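Participant: Residues per chain are reported as follows:
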Amino acid sequence: QKEVEQNSGPLSVPEGAIASLNCTYSDRGSQSFFWYRQYSGKSPELIMSIYSNGDKEDGRFTAQLNKASQYVSLLIRDSQPSDSATYLCAVGGSGYALNFGKGTSLLVTP
Amino acid sequence: KAGVTQTPRYLIKTRGQQVTLSCSPISGHRSVSWYQQTPGQGLQFLFEYFSETQRNKGNFPGRFSGRQFSNSRSEMNVSTLELGDSALYLCASSATGTGSGEQYFGPGTRLTVT
Chain E
6 QKEVEQNSGP LSVPEGAIAS LNCTYSDRGS QSFFWYRQYS GKSPELIMSI
56 YSNGDKEDGR FTAQLNKASQ YVSLLIRDSQ PSDSATYLCA VGGSGYALNF
106 GKGTSLLVTP
Chain G
1080 KAGVTQTPRY LIKTRGQQVT LSCSPISGHR SVSWYQQTPG QGLQFLFEYF
1130 SETQRNKGNF PGRFSGRQFS NSRSEMNVST LELGDSALYL CASSATGTGS
1180 GEQYFGPGTR LTVT
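Chains E and G supply the protein sequences, listed in that same order.
Quick note, in our numbering, the first sequence goes up one by one and the last residue is 115.
Quick note, in our numbering, the second sequence goes up one by one and the last residue is 1193.
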């Protein structure tokens, strides 16, 4: 069974701080890694994708991948109350399906 | 570009009935995947279609089926509905023909089985 693990949270950070979200996966053959944001009652929205080891930055978001440790993370700088949502880590292999973690709930307090 | 669309958005059915959900992918996207989301299990993969061919299927009973049409639109069907089938059903489309690339989700169909 290919597992993707996330801490369910809630992770609470004050406005303006850095939020750090973590994800581990079990399948060493995984090739693609994604972070989705899901607001309550809405569908998941793709916010970051990363395919190779290292960091990838997009605005206030930075995704980090370490394939040796089977670890993916998402940093959100200057967190805003509008960032409060559930963040889903998704991992893809060669089988055309994404395997999702159960998500981490983030709460940014004013 | 218009996003992924799903119809209907909400559905209430009775145990034993069947249901058909529809998905139209982003224009030019030929891969369509279906997922079931429940509070307890999270997002679980149902199946993926590319050019009318099912390339992968998740661990769901045979009551769950799908198909894709030549215009890339997809439908999924659930027969003999059970209470446990109550969930948000999400369709996602991808431009990637190989591997597991970026997937973009539609708004989902909320199915309630009573």
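Be aware that a few hints might be false.
[Unchecked claim] Partner residues are not named here, just some residues of chain E that face chain G (Cβ under 7 Å, in silico):
1. 33
2. 34
3. 37
4. 49
5. 101
6. 103
7. 105
[As the list claims (entries may be wrong)] In silico DSS-like pairs for lysine-lysine, Cα to Cα no more than 27 Å straight-line:
8. G:1136 <-> G:1092
9. G:1136 <-> E:107
10. E:47 <-> E:61
11. E:61 <-> G:1080
12. G:1136 <-> E:61
13. E:7 <-> G:1092
14. E:47 <-> G:1136
15. E:107 <-> E:47
16. E:72 <-> E:7
17. E:72 <-> E:61
18. E:47 <-> E:7
19. E:72 <-> E:47
20. E:61 <-> E:7
21. E:47 <-> G:1080
22. E:7 <-> E:107
23. E:61 <-> E:107
Just so you know, the hints here were simulated from the structure itself, not pulled from any lab data.
In this text, all values refer to a predicted model and were calculated from it rather than measured experimentally.
Ideal Cβ placement from N, Cα and C applies to all residues, glycine included.
Participant: Now tell me, hint by hint, if it's right for this structure.
Facilitator: Consistency of the hints with the structure:
1. 33: violated (15 Å)
2. 34: violated (11 Å)
3. 37: At 5 Å from the nearest chain G Cβ, residue 37 (chain E) passes the 7 Å test, so the hint holds.
4. 49: holds (5 Å)
5. 101: holds (4 Å)
6. 103: holds (6 Å)
7. 105: holds (4 Å)
8. G:1136 <-> G:1092: holds (24 Å)
9. G:1136 <-> E:107: holds (20 Å)
10. E:47 <-> E:61: holds (26 Å)
11. E:61 <-> G:1080: Holds, at about 25 Å.
12. G:1136 <-> E:61: Roughly 31 Å between the alpha carbons, so the hint for residue 1136 (chain G) and residue 61 (chain E) is violated.
13. E:7 <-> G:1092: Roughly 33 Å separates the two Cα atoms, so the pair is violated.
14. E:47 <-> G:1136: holds (25 Å)
15. E:107 <-> E:47: holds (15 Å)
16. E:72 <-> E:7: holds (15 Å)
17. E:72 <-> E:61: holds (14 Å)
18. E:47 <-> E:7: The given pair, whose Cα atoms are some 26 Å apart, holds under the 27 Å limit.
19. E:72 <-> E:47: violated (31 Å)
20. E:61 <-> E:7: Status holds; Cα separation ~25 Å.
21. E:47 <-> G:1080: With Cα atoms ~20 Å apart, residue 47 (chain E) and residue 1080 (chain G) stay inside 27 Å; holds.
22. E:7 <-> E:107: Holds. Residue 7 (chain E) to residue 107 (chain E) sits at ~13 Å (cutoff 27 Å).
23. E:61 <-> E:107: Holds: residue 61 (chain E) and residue 107 (chain E) sit about 23 Å apart, inside 27 Å.
The structure shown violates the earlier hints numbered 1, 2, 12, 13, 19.
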